[in-house]
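Asks: Starting from the given sequences, assemble the full structure and let the hints guide the process.
4 protein chains.
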Amino acid sequence: MSVATVILQLICPDRPGLVSELAGWVAANGGNIRHADHHTDAGAGVFLSRIEWELEGFGIPRQALPAAAQALADRLSGQAKLHFSDAWPKVAIFASKQSHCLVDLLWRVQSGELPMQVPLVIANHPDLEALCSGFGVRFVCIPSSRENKPEVERRILGLLEDNQIELAVLAKYMQVLSGEFLARFPDVINIHHSFLPAFKGAQPYQRAWDRGVKLIGATAHYVTEELDDGPIIEQTTVPVGHRDEVADLIRKGRDTERMALARALRLHLRRQVIVYRGRTAVFA
Amino acid sequence: MSVATVILQLICPDRPGLVSELAGWVAANGGNIRHADHHTDAGAGVFLSRIEWELEGFGIPRQALPAAAQALADRLSGQAKLHFSDAWPKVAIFASKQSHCLVDLLWRVQSGELPMQVPLVIANHPDLEALCSGFGVRFVCIPSSRENKPEVERRILGLLEDNQIELAVLAKYMQVLSGEFLARFPDVINIHHSFLPAFKGAQPYQRAWDRGVKLIGATAHYVTEELDDGPIIEQTTVPVGHRDEVADLIRKGRDTERMALARALRLHLRRQVIVYRGRTAVFA
Amino acid sequence: MSVATVILQLICPDRPGLVSELAGWVAANGGNIRHADHHTDAGAGVFLSRIEWELEGFGIPRQALPAAAQALADRLSGQAKLHFSDAWPKVAIFASKQSHCLVDLLWRVQSGELPMQVPLVIANHPDLEALCSGFGVRFVCIPSSRENKPEVERRILGLLEDNQIELAVLAKYMQVLSGEFLARFPDVINIHHSFLPAFKGAQPYQRAWDRGVKLIGATAHYVTEELDDGPIIEQTTVPVGHRDEVADLIRKGRDTERMALARALRLHLRRQVIVYRGRTAVFA
Amino acid sequence: MSVATVILQLICPDRPGLVSELAGWVAANGGNIRHADHHTDAGAGVFLSRIEWELEGFGIPRQALPAAAQALADRLSGQAKLHFSDAWPKVAIFASKQSHCLVDLLWRVQSGELPMQVPLVIANHPDLEALCSGFGVRFVCIPSSRENKPEVERRILGLLEDNQIELAVLAKYMQVLSGEFLARFPDVINIHHSFLPAFKGAQPYQRAWDRGVKLIGATAHYVTEELDDGPIIEQTTVPVGHRDEVADLIRKGRDTERMALARALRLHLRRQVIVYRGRTAVFA
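Chains as they are written, first to last, in our numbering: chain C, 10 to 293; chain V, 10 to 293; chain B, 10 to 293; chain D, 10 to 293.
A few of these clues could be false.
[Stated by the list, open to error] Pulled from the structure, derived: some chain D residues nowhere near chain V, Cβ distances all over 10 angstroms:
no., residue
1, Asp50
2, Ala80
3, Asp83
4, Val112
5, Pro128
6, Gly143
7, Val149
8, Arg155
9, Pro159
10, Asn172
11, Asp196
12, Pro240
13, Thr246
14, Met268
[Said to hold, decoys possible] Derived pair list, reagent style BS3-like, types lysine-lysine, alpha-carbon separation capped at 25 angstroms:
no., chain 1, residue 1, chain 2, residue 2
15, D, Lys99, B, Lys209
16, V, Lys106, C, Lys209
17, B, Lys106, B, Lys158
18, D, Lys158, D, Lys90
[Claimed, not checked] Cβ pair distances, simulated, as ranges:
no., chain 1, residue 1, chain 2, residue 2, range
19, C, Glu254, B, Ala96, 39 to 45 angstroms
20, C, Ala53, D, Ala76, 53 to 59 angstroms
21, D, Glu65, V, Asn157, 43 to 49 angstroms
22, C, Gly54, D, Ala13, 36 to 42 angstroms
23, B, Ala80, C, Cys150, 55 to 61 angstroms
If you're looking for bench data, these hints aren't it; they were derived computationally from the structure.
For each residue, glycine too, the CB sits at the ideal point set by N, CA and C.
Replies: Pasting the structure below:
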């Protein structure tokens, strides 16, 4: 687990020979591939690849690797993302009043399950401050209202920049981020408490109860400007029955929400998710 | 399994003493209760009960039981349904071209899993005739089109009446039954190939693929005039991934569709489902 | 949720009229039944019942109810257990070094999901002290070794008695309790990290990996003197694949362990579990 | 789906450059890779690979490919298996009296889900003859007893040879094949009606009931001489409860058995399973 690796994610137009070209490039530089996974979306004519190899002994020095990967991608008319497994990204967790996802994520970080750093938690209510301090994580409360939303988002963007945050995780933040925000900070994962596309928007558990469904779900997805419509990373469901009231759906939902969010976040952090055309390929 | 039982389903306004009243009535007539299950929907103020007791030795003769149950329900200002476990209802299965649900149901009937008789299969295409004859089941093909729909439904209603059919099961019939049809023959179970309320209507697998979901589902429900909106009996899901094309969703969906339909039908046939206020209580 | 209820669990020899007798007794005393569930194990000739009714307005005063329930059970040659939903039992959680189950349980208690009080956590290692103090729960470390086991168990029994503990939950305690201990304190729930009866005993994940299974599991069960052989309350599984090393099984197992334990504990605390003949009936 | 492909499965000692070497070999011969998946078992030092590319236009002619693959494997000190997706193997299904797995497999073959031919079904009881003839499949009944087992196995081996059978599927055959049989015909898949390694051997459902488990399972595995100990391909589970008698476990088990067997068989037929060191890698 402790061996540092390089992870290359690549998207490019499909054509014969791409696997060989990528693997050959790694091999030519002395890399020992640990994982190589590829997918062709035949309908879209798109080739997706995730290759992970050992950093030690690789012929191209670490600091030169991003440019080398870019050159490779250019040659294939594609886009590349390069990551190092030992460079844990800085992630900000956004929360509101509910603790279940936040405590789950903080515990997973503490136990080493999630390769990330959490410099701060941002919340629009003060309720979860003690929880964060128990885990030794900075807590910033920025109350938001319809009126002050632009100002709140500006302050948040400032915090994200100051702390070199790479990813924001909405752990039941219950606020919609504006298109302007997302244009400046696009890497955001959200957990929605329904099995999307069912019950988009507000109060999904109440609506699920009203409809009399026999399963409820949760969906972890990347955030886009259109509400609850971004690329889906992970979905889970849990059975419910006629004895379950809305409060029971909420309670059962908490477990499935935090599982879906934690799994999605781990997949993202291990660079196993590639987004393309409004959807994801998950190389797990 | 072979002991004949009486099954009483009752819905009435909630008030204290109902369980005692029902169980007392069974006991006073010498009944040995095998299953008793109740539910109160507190919000609606509705009490639901399902009681099953041994027929043999019960003080009220079989032929007098329906009237006695009705009298009991009247006393409680409710509605009762009475069933005998040894009276297997006659069920018509409706199909089209796809065989997966039909072969599954016919096999389950043959193997004794589903306590019902199937006097006939009704289809709007001739494809499944040989399958039915292999199971010794009468097959009636009634091609339907937009123009002849009223005439088709009249013919079907005639068949259902002639064969004393109690329940129709739409095993991928792919036709919408009219409000007039349902007014005359209301007991219909359908299998919809999505996790309702997501992807109501046509081509749910294509739309699921387009949305990039990570789970697909199936929903068995009672049919109402509004499409895919009837009371849900059973829902199932199955994981899908980026390697799955629409054809794979259809293939995987077949398994989850037939499981959901078979489970729902068994629950119905064992009189474990009570419908109220557009939803179901499933006493399983 | 906040209405106080009385819960009666009863086991007795099966005979006709029992449901009526029980429900009649509740009704005769003015009780409004909220849940009534029964089961007959025909092979064993045993009748099991769980009835829950509103405490307020019930004709028998609270302090007289235990004796009344005992008299009822005596009349039926059975055993009764009586509980009040507003009397949250005192539960001791036993832990060792692993935090996942402990943090999960403490969070659920804090969030109100588990109707219990936790006066203390007992551990044989000091690692989890800070976690407990973060939740405001007393932590007692009693290191154990093969030599001092009788002394350790005596000290623990003293603590349980002093704190009026009703139930012990082994949240990855990793120690086997002796028969003497269990004779004096029999109500103990354990989480075992395998799908019992597979992989009883030590290192189940390593052995699961060695065998090449495709699912791993967790089992929450009551503890008996024979290791990993007590009545099972809840079992869960999670898929694993060839890319999962033992460390991955351990990581994935943590999620399924804590879910199984939390569910089992909630079922126990809501008095939905009846143990008989080495097995459980779970009235959920 | 209809494009013919070549599938290469390779096992060899791990070393850097293998992915490049394999993909380079395919590319050098003009192959268009559709799927490439690899796995390194670091503990065992073993590299596993499955590569699938389009047959049309590949530089090495079809009839020369097996030798070319062998030469490649020799160069890597490994073993290779080469398959063509349009060459559907001949598979014999073994059955006894129970129909659920057999009807499921025959239906899946008929519907095109399973890329295989079924020249014959071999059974030790005559019960399923009509079922087979309904699907147009030859049925051979060879009654077996303790005394005539060697003779029965000789006859079966003759049938397998005469019909050029590549794989035998034990669809509830309920007979143990001898080591001699397996030495001569090693490719056999079995479905065992438990979640192995729990409840190896006879009557797993009865023993599962006796133990009071809350989940039952099924395991599809390759057959080895030691009973129920071969490499596992697929496992499934289904919840059971206290209301389920042994007959219910058997009924519920039928669904999970046939699903596990069908999934395992499809994985095998699509050459997604590689066996090594008593376990499987499943490239799905």
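Asks: Indicate, hint by hint, whether the structure satisfies it.
Replies: A quick look at each hint next to the structure:
| no. | hint | verdict |
| --- | --- | --- |
| 1 | Asp50 | holds, 23 angstroms |
| 2 | Ala80 | holds, 31 angstroms |
| 3 | Asp83 | holds, 31 angstroms |
| 4 | Val112 | violated, 5 angstroms |
| 5 | Pro128 | holds, 20 angstroms |
| 6 | Gly143 | violated, 4 angstroms |
| 7 | Val149 | holds, 20 angstroms |
| 8 | Arg155 | holds, 29 angstroms |
| 9 | Pro159 | holds, 34 angstroms |
| 10 | Asn172 | holds, 24 angstroms |
| 11 | Asp196 | holds, 25 angstroms |
| 12 | Pro240 | holds, 23 angstroms |
| 13 | Thr246 | holds, 14 angstroms |
| 14 | Met268 | violated, 7 angstroms |
| 15 | D:Lys99 / B:Lys209 | violated, 41 angstroms |
| 16 | V:Lys106 / C:Lys209 | violated, 34 angstroms |
| 17 | B:Lys106 / B:Lys158 | holds, 18 angstroms |
| 18 | D:Lys158 / D:Lys90 | violated, 33 angstroms |
| 19 | C:Glu254 / B:Ala96: 39 to 45 angstroms | violated, 23 angstroms |
| 20 | C:Ala53 / D:Ala76: 53 to 59 angstroms | violated, 37 angstroms |
| 21 | D:Glu65 / V:Asn157: 43 to 49 angstroms | holds, 47 angstroms |
| 22 | C:Gly54 / D:Ala13: 36 to 42 angstroms | violated, 21 angstroms |
| 23 | B:Ala80 / C:Cys150: 55 to 61 angstroms | holds, 58 angstroms |
Of the hints listed earlier, those the structure fails to meet are numbers 4, 6, 14, 15, 16, 18, 19, 20, 22, in rising order.
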